[in-house]
Amino acid sequence: MWCTRQLASARFLGRCFSAASEQTRLGIIGVPFAKGQSKQGVELAPDLLRQSNLRQVLQSSDERLLITDYGNLHYAVDETLLQQQRQHYYHIRNYADFMACNLALIGQVQVMLQQNAQFLTIGGDHAIGFGSVAGHLQHTPNLSLVWIDAHADINLHSTSQSGNIHGMPVSFLLQQLRATWQHAALDQVAPNCLPKDQLVYIGLRDIDPYEAFILNKFGIRYYAMDSIDRMGVPKIIEMTLDAMDPHNKIHVSFDIDALDSNVAPSTGTAVRGGLTLREGISIVEALRDTKRVQGMDLVEINPKLGTDRDVRTTVDSALEILKSMFGYRRSGARHYSNLDTGILGHEQ
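Taken in order, the sequence shown gives residues 1 to 348; the numbers are from the UniProt record's numbering.
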C-alpha cells in the first residue's frame, strides 16, 4: 500500500513539475492611445477587452499560460518633443504625444520581455505599433515583422495627406526610411531598426499612392487581398514564412480592420472585402505554430463606433484571434495535465 501511494504521489509531482517547466509567461500592456487619428474611442479598447474576460479566455486556451497584466501605459510629453513638433513636424497631428507614448512603450516592452517569454500590446490606434515593435527590436535585434492590416501604415511625414500618424508607424521602423525622420533622433531612442526583407504585409486593400511607391521601390513583400483571393491563405502563409529568416523571432502586429467589416465593424477605418474570421485565425495559427512569435499587437477596436451588436461582434472576433495566437487549437487540446487521465483505466 505504501509503495502504491508513494508511486501515485511521485507521478502526481512529476506531472506538476512537468507542467510547471512547460509554462509560458505572457505579459500584457494596454496602450489607450487615440491621438494617431481623429476618432475617439480606441482608447477604451484595452479595458473593454479586459472586461470581456481576456485573461480567462487566454488561460482557458492554454493552461500553461501564466499571465501578468501590467495595466495601462502612462506617458508625459516633454519640451524636447514639443520643440521637434513646432520646428519640424507641425503638419503631423499630435507628434509630441505620439513620440512620448511610444518612447514609454519602447521601455515597457523591454521590461516585459525581461520578465516574460511573450508579450501582448493592446491599443489604442496603430500608431503604437512603432513603440511596440521598436521596443521588441531593442531586446531582440534579429526580428521579423508580420503586419496584418488593411493599410500599409508606411507614409512619411512628407507624404501623408491626412497628417494622421497612425498611418506612419512602419516608416519609423524601417532601416531604409530612417533618414526621412532625421529630426526625431531615432538612432538615440531606438538604434535597432528593421531591414526591409524582414517585413511582410498581409491583408492590404487600401494603399495610398506614395505607400505603393515605397513598397515597390524597396521590394517590400506584401500580400494584398487580391493575392489572397487568387492564391488562398495556405499559400500566402507558406510564402510569408519562406520570406522571413527562419532563425528570427517574430512580431505580429494585427489591426482589427484587416478583418472584413462584417466581422469587425467597430473600427475607425473599416474597408470592405477583408479577411474572413477563419482566414485571420488560420494566419495567426500558422504563425503561432512556428513557436517563434515573441510579441503581438492588437489595435484599432473602437467601441464608440457602431451599435452595441457591432461592438460585441468586433470584440468577439478580436478574442478569437488572440486566443488562437496564444494556445487555442480548433483541433483540440494537446496538453491534459489538469485532467484525470486515469478515467480510461491503466495503460496495457
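Please note that a few of the clues may not be correct.
List of simulated lysine-lysine pairs, DSS-like, C-alpha gap at most 27 Å [to be verified]: (1) K196 / K235; (2) K291 / K323; (3) K217 / K235; (4) K249 / K304; (5) K217 / K249; (6) K196 / K291; (7) K323 / K235; (8) K235 / K249; (9) K249 / K291; (10) K291 / K304; (11) K323 / K304; (12) K304 / K39; (13) K217 / K291; (14) K291 / K235.
Just the calculated beta-carbon pair ranges, DEER-fashion [as the list claims (entries may be wrong)]: (15) L66 / S158: 18 to 26 Å; (16) I343 / K291: 38 to 46 Å; (17) Q40 / L156: 20 to 28 Å; (18) D308 / Y90: 55 to 63 Å; (19) E79 / P234: 33 to 41 Å; (20) R230 / T307: 21 to 29 Å; (21) R50 / D226: 13 to 21 Å; (22) G107 / K217: 31 to 39 Å; (23) S227 / S162: 39 to 47 Å.
None of these hints come from the bench; they were simulated from the model.
Backbone N, C-alpha and C define an ideal beta-carbon position, used for all residues, glycine too.
Structure-based check of all given hints:
{"no.": "1", "hint": "K196 / K235", "verdict": "holds, 21 Å"}
{"no.": "2", "hint": "K291 / K323", "verdict": "holds, 15 Å"}
{"no.": "3", "hint": "K217 / K235", "verdict": "holds, 24 Å"}
{"no.": "4", "hint": "K249 / K304", "verdict": "violated, 35 Å"}
{"no.": "5", "hint": "K217 / K249", "verdict": "holds, 26 Å"}
{"no.": "6", "hint": "K196 / K291", "verdict": "holds, 23 Å"}
{"no.": "7", "hint": "K323 / K235", "verdict": "holds, 23 Å"}
{"no.": "8", "hint": "K235 / K249", "verdict": "holds, 21 Å"}
{"no.": "9", "hint": "K249 / K291", "verdict": "holds, 9 Å"}
{"no.": "10", "hint": "K291 / K304", "verdict": "violated, 36 Å"}
{"no.": "11", "hint": "K323 / K304", "verdict": "holds, 24 Å"}
{"no.": "12", "hint": "K304 / K39", "verdict": "holds, 9 Å"}
{"no.": "13", "hint": "K217 / K291", "verdict": "violated, 32 Å"}
{"no.": "14", "hint": "K291 / K235", "verdict": "holds, 19 Å"}
{"no.": "15", "hint": "L66 / S158: 18 to 26 Å", "verdict": "violated, 45 Å"}
{"no.": "16", "hint": "I343 / K291: 38 to 46 Å", "verdict": "violated, 30 Å"}
{"no.": "17", "hint": "Q40 / L156: 20 to 28 Å", "verdict": "holds, 26 Å"}
{"no.": "18", "hint": "D308 / Y90: 55 to 63 Å", "verdict": "violated, 39 Å"}
{"no.": "19", "hint": "E79 / P234: 33 to 41 Å", "verdict": "violated, 52 Å"}
{"no.": "20", "hint": "R230 / T307: 21 to 29 Å", "verdict": "violated, 34 Å"}
{"no.": "21", "hint": "R50 / D226: 13 to 21 Å", "verdict": "violated, 37 Å"}
{"no.": "22", "hint": "G107 / K217: 31 to 39 Å", "verdict": "holds, 33 Å"}
{"no.": "23", "hint": "S227 / S162: 39 to 47 Å", "verdict": "violated, 26 Å"}
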